[in-house]
Amino acid sequence: MSVCPVLRRGEAGFVCGYTNKPIDPFSWYCIGNYTECPIFIRFSREERRPAAPKPEEAPKPLAEVLPLAPERPEAEFEKAIKPVIDNVVLKYDDLVKKLDDAWRDYENNVVGARRQWEVEKMSLLRAQE
1 MSVCPVLRRG EAGFVCGYTN KPIDPFSWYC IGNYTECPIF IRFSREERRP AAPKPEEAPK
61 PLAEVLPLAP ERPEAEFEKA IKPVIDNVVL KYDDLVKKLD DAWRDYENNV VGARRQWEVE
121 KMSLLRAQE
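Here the working numbering is used: the first residue of the sequence shown is 1, the next is one more, and so on.
Treat the hints with caution; some may be incorrect.
Derived Cβ-Cβ restraints for the label pairs, each shown as a range [as the list claims (entries may be wrong)]: (1) Ser-123 - Lys-98: 33 to 43 Å; (2) Gly-10 - Glu-64: 54 to 64 Å; (3) Ile-81 - Glu-120: 26 to 36 Å; (4) Arg-114 - Ile-81: 41 to 51 Å; (5) Glu-64 - Asp-101: 56 to 66 Å; (6) Tyr-92 - Gln-116: 58 to 68 Å; (7) Arg-45 - Val-88: 29 to 39 Å; (8) Val-119 - Ile-81: 51 to 61 Å; (9) Asn-109 - Val-88: 52 to 62 Å; (10) Trp-117 - Leu-95: 49 to 59 Å; (11) Ser-2 - Leu-90: 51 to 61 Å; (12) Ser-123 - Ile-85: 25 to 35 Å.
Note that these hints are calculated values from the structure, not bench results. Think of the CB as a built atom: it goes at the ideal place given N, C-alpha and C, for glycine as much as any other residue.
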C-alpha cells in the first residue's frame, strides 16, 4: 500500500498538498495507488517540464588567470617517478599471482577433502547396516 507524498493531515481532516483543499483520501487515490490520481499526474507532469531557458550572459572574468609555473617540471617528475611506479606495480602483480595460485590450491584441497569425507561417510554407513 502506498500513500501520496503530498497528503497532509490538518485540523479539519486530510488536505491535498497540490490543491490545498480538503479531501477524503479513502474515496480518492491518496491511499492505495496515488500514481493513478489525476491530480498527482497533472502536477507531476508540470514539475517535470523544464522551465523556459533564460538567456544568460556569459560571466565576466574577474581577473586574468596566469599559470604559476610552466608545466615542464611536472613532465620531468612523471618521467622520474614512472620507473618507481612500474616497479611497485610489478611487485604487487607477482604477489597477486602467488595469492591466486595459493587460493586455487586451497580450493582443490577443499574439494579433495569433501570427496574423501563422502567416501568415509559411505563406508561408515555401510558398516552400520
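Going down the list of hints, with the structure as the test:
Hint check: Ser-123 to Lys-98, Cβ distance near 38 Å, so the stated range 33 to 43 Å holds. Under the hint 54 to 64 Å, the C-beta atoms of Gly-10 and Glu-64, about 58 Å apart, fit the expected range. About 58 Å separates the C-beta atoms of Ile-81 and Glu-120, a value inconsistent with the hinted range of 26 to 36 Å. Distance hint for Arg-114 and Ile-81: a CB-CB separation of about 49 Å, consistent with the stated range 41 to 51 Å.
Restraint check, Glu-64 to Asp-101: a C-beta distance of roughly 59 Å satisfies the suggested window 56 to 66 Å. The hint said 58 to 68 Å for the Cβ distance between Tyr-92 and Gln-116, and at roughly 36 Å that hint is violated. In this structure, Arg-45 and Val-88 break the distance hint of 29 to 39 Å, their C-beta atoms being roughly 56 Å apart. Between Val-119 and Ile-81 the CB atoms are about 57 Å apart, so this pair conforms to the stated range of 51 to 61 Å.
A beta carbon spacing of about 32 Å between Asn-109 and Val-88 contradicts the range 52 to 62 Å that was offered as a hint. The hinted window of 49 to 59 Å between Trp-117 and Leu-95 is violated, with their beta carbons roughly 33 Å apart. The hinted window of 51 to 61 Å between Ser-2 and Leu-90 holds, with their beta carbons roughly 56 Å apart. At about 57 Å, the CB distance of Ser-123 to Ile-85 disagrees with the hint of 25 to 35 Å.
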